[in-house]
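**Student:** Here are the chains, one letter per residue:
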Amino acid sequence: MKPRTLLLILTALFIISAGCFLFWGLPVQAMGFILPRRVIKVTALCVTAVSIAISTTLFQTVSANTILTPSILGLDSLYLLIQTLVMFLFGAQTLVIMSRISDFLLSVGLMVLFSLALFSLLLGKRPMAVTTVLFLGMIVGQLFGALSSFFQLLIDPNEFLTIQARMFASFNTINTSLLLVSTLIVAFACLLLIPLVDTLDVLAMGREMAINLGIDHRRLSRWLLIGVSILTAVATALVGPITFLGLLVVSLARQISPTFRHRIILPVSALLAMVTLLIGQFIFERILHFSTPISIIINFVGGIYFLSLLIKRRRI
Amino acid sequence: MRRFIILALVIILFALSLVIGAISIHDLTRTLLIQSRLPRTLSILISGMSLSTAGAIMQLLTSNRFVTPATGSTTEWAKLGMLICIIWIPQATIASKTLIALLFGFLGSLSFLAIIQHIRLKERTLVPLIGIIYGNIVAATATFIGYQYDLIQSIQSWTQGNFALILKGRYEVLYLSIPCLLIAVLYANQFTVISMGKEISHSLGVRYKTTLYIGLMIVSSISALVLVTVGVIPFVGLAIPNIVTLFWGESLEKNIVTIALGGGLFLLFCDIISRTLIHPFEIPISVTASIAGCLLFILVLVQRSRHEA
Chain A
1 MKPRTLLLIL TALFIISAGC FLFWGLPVQA MGFILPRRVI KVTALCVTAV SIAISTTLFQ
61 TVSANTILTP SILGLDSLYL LIQTLVMFLF GAQTLVIMSR ISDFLLSVGL MVLFSLALFS
121 LLLGKRPMAV TTVLFLGMIV GQLFGALSSF FQLLIDPNEF LTIQARMFAS FNTINTSLLL
181 VSTLIVAFAC LLLIPLVDTL DVLAMGREMA INLGIDHRRL SRWLLIGVSI LTAVATALVG
241 PITFLGLLVV SLARQISPTF RHRIILPVSA LLAMVTLLIG QFIFERILHF STPISIIINF
301 VGGIYFLSLL IKRRRI
Chain B
1001 MRRFIILALV IILFALSLVI GAISIHDLTR TLLIQSRLPR TLSILISGMS LSTAGAIMQL
1061 LTSNRFVTPA TGSTTEWAKL GMLICIIWIP QATIASKTLI ALLFGFLGSL SFLAIIQHIR
1121 LKERTLVPLI GIIYGNIVAA TATFIGYQYD LIQSIQSWTQ GNFALILKGR YEVLYLSIPC
1181 LLIAVLYANQ FTVISMGKEI SHSLGVRYKT TLYIGLMIVS SISALVLVTV GVIPFVGLAI
1241 PNIVTLFWGE SLEKNIVTIA LGGGLFLLFC DIISRTLIHP FEIPISVTAS IAGCLLFILV
1301 LVQRSRHEA
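Protein chains in written order, with my numbering: chain A, 1 to 316; chain B, 1001 to 1309.
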């Protein structure tokens, strides 16, 4: 399949699924009430999908490895820990009343700091292996997990329900101003990427080759990793953790795309991510009337897909 | 020599652990000692020793320094088994819960071994990464089921390692891990041999498959026993064997006593911290063990990766 045909098909799929999501079963009398809500939901789904897809692709390019994702870095457990701590220290009322923007910015800021601290190990004088850094991130993530489950035990069960709502990615309770901020951040990141797409192809050839071809590997990697951490943090803070979405869509994109050039693979994976989330949410919400958060299903399906990928490839 | 030093430290902390608590040493009665303090301290010692040994065995079975029951999905499988048991047979006894958790843990870690033996991996840290991802998938399944039955908070409370609930009559099943430890001592040398691969172990006259199954059985029994009686205590199996092998080499036969005692010492220490920090209340041991073990392990990890670079 030619890259252009693929992109066209995916765009068409995206438009169809977004259209379905917006207009399926829309009662005409209540249109003015329901439609804006659905628009918000679709935007949130798209912003999350794009930021997860792009950050995963970039991370795989920088780390020259196609089975890693920044989502396993421990950011989700850090996010939960922050939420739990806020709840523990100030109570559920505060978490509800506290301006969502400041909560959001606090979480994003801390998460970006954390991932930058980890990534700095990749770029120092004696860089560590990417897998070691990820492993380190996971270990620290487990520490965060232990801390938050400790505090969760101390919280009373009613307040715990508020935390539980944030434990799983949810698109039902999106705050409009948060969505605006996230959309701006993600759009800005995408704009910055446009002039870089061809340089990224060179970067993907590996460190030595990239340096040979005249790229300041360390500087470019540093900027890309900053972008990756911001995008991952925004997605996590906006809807909650979806660990395997990135792996799922980026590996799918690499399978169906005829080329690995970034000007193709980036939009393909972003479109795929949006279509996956939209269709998944649509089926779940409208057809099956399931109450299970979609992230649990995505983690399950994405995880199984990832394992089958590992087994099929036999060599990493 | 080092074994005696560690043994002496274990004895000192053991005694200390008996006298620390909400009731001061003057009011300590015999009943209290026998009903609560002694069971608790014993179970800490046993869990520490067995978790650490199980970690060391798992590391040899997978030939990877970073794979333990916790990073090799055994614990997650055992948790899933226990959850299923609780939902389907709510009145199940501790023994049957342990059995089901053991079965799940054994089959689950077997599947993990099959996966990693099937793939050829370039970097060593990829193996535990895959293990953790695999464990996450199993955990996602458990979360999915738990969410349906509104059991998320209850899962969290019974999986969090905590010795506060240990009383006489509620922990004795943990003693079953002592025979596991003895078998581990007997097979220590075989485990070291099979960590060098199938061909080498065959040429050295060790039955690869049988030894592998025995090792996995020990690992999953220990994980299930500790999970059911105490809960999850992270990092003991990861940090302690790594520190011991960093100093004294890879042979399990030489080190198994040090590893086991080291694990016991570590947990006794963490428990004393847990109980004294906010006296007369206490912090769950999984939290103190996580913090201490995580920091120790990060040091080891950095040391090792410097070593290799």
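A portion of the hints provided could be inaccurate.
Calculated pairs, DSS-like style, for lysine-lysine (alpha carbon to alpha carbon, straight line, at most 30 Å) [what the hints assert, rightly or not]:
# : chain 1 : residue 1 : chain 2 : residue 2
1 : B       : K1198     : B       : K1209
2 : B       : K1168     : B       : K1209
3 : B       : K1198     : A       : K312
4 : B       : K1209     : A       : K312
5 : A       : K2        : A       : K312
6 : B       : K1209     : B       : K1254
Derived by calculation from the structure, the hints in this document are not laboratory data.
**Student:** Next step is simple, just say for each hint if it's right about the structure.
**Tutor:** Each hint, compared with the structure:
1. Simply put, K1198 of chain B and K1209 of chain B have alpha-carbon atoms about 9 Å apart, close enough for the 30 Å limit, and the pair holds.
2. A C-alpha spacing of about 39 Å is found between K1168 of chain B and K1209 of chain B, which places the hinted pair above 30 Å, so the restraint is violated.
3. A hinted pair counts as satisfied when its Cα atoms are at most 30 Å apart, and K1198 of chain B with K312 of chain A qualifies at roughly 23 Å.
4. Taking the CA atoms of K1209 of chain B and K312 of chain A, the gap is near 24 Å; set against the 30 Å cutoff, the hint holds.
5. In summary, the hint linking K2 of chain A to K312 of chain A is supported, as the alpha carbons are separated by about 25 Å, within the 30 Å threshold.
6. A distance of roughly 23 Å separates the Cα atoms of K1209 of chain B and K1254 of chain B; the hinted pair therefore holds under the 30 Å criterion.
Checked against the numbered hints listed earlier, the structure breaks hint 2 alone; every other hint is satisfied.
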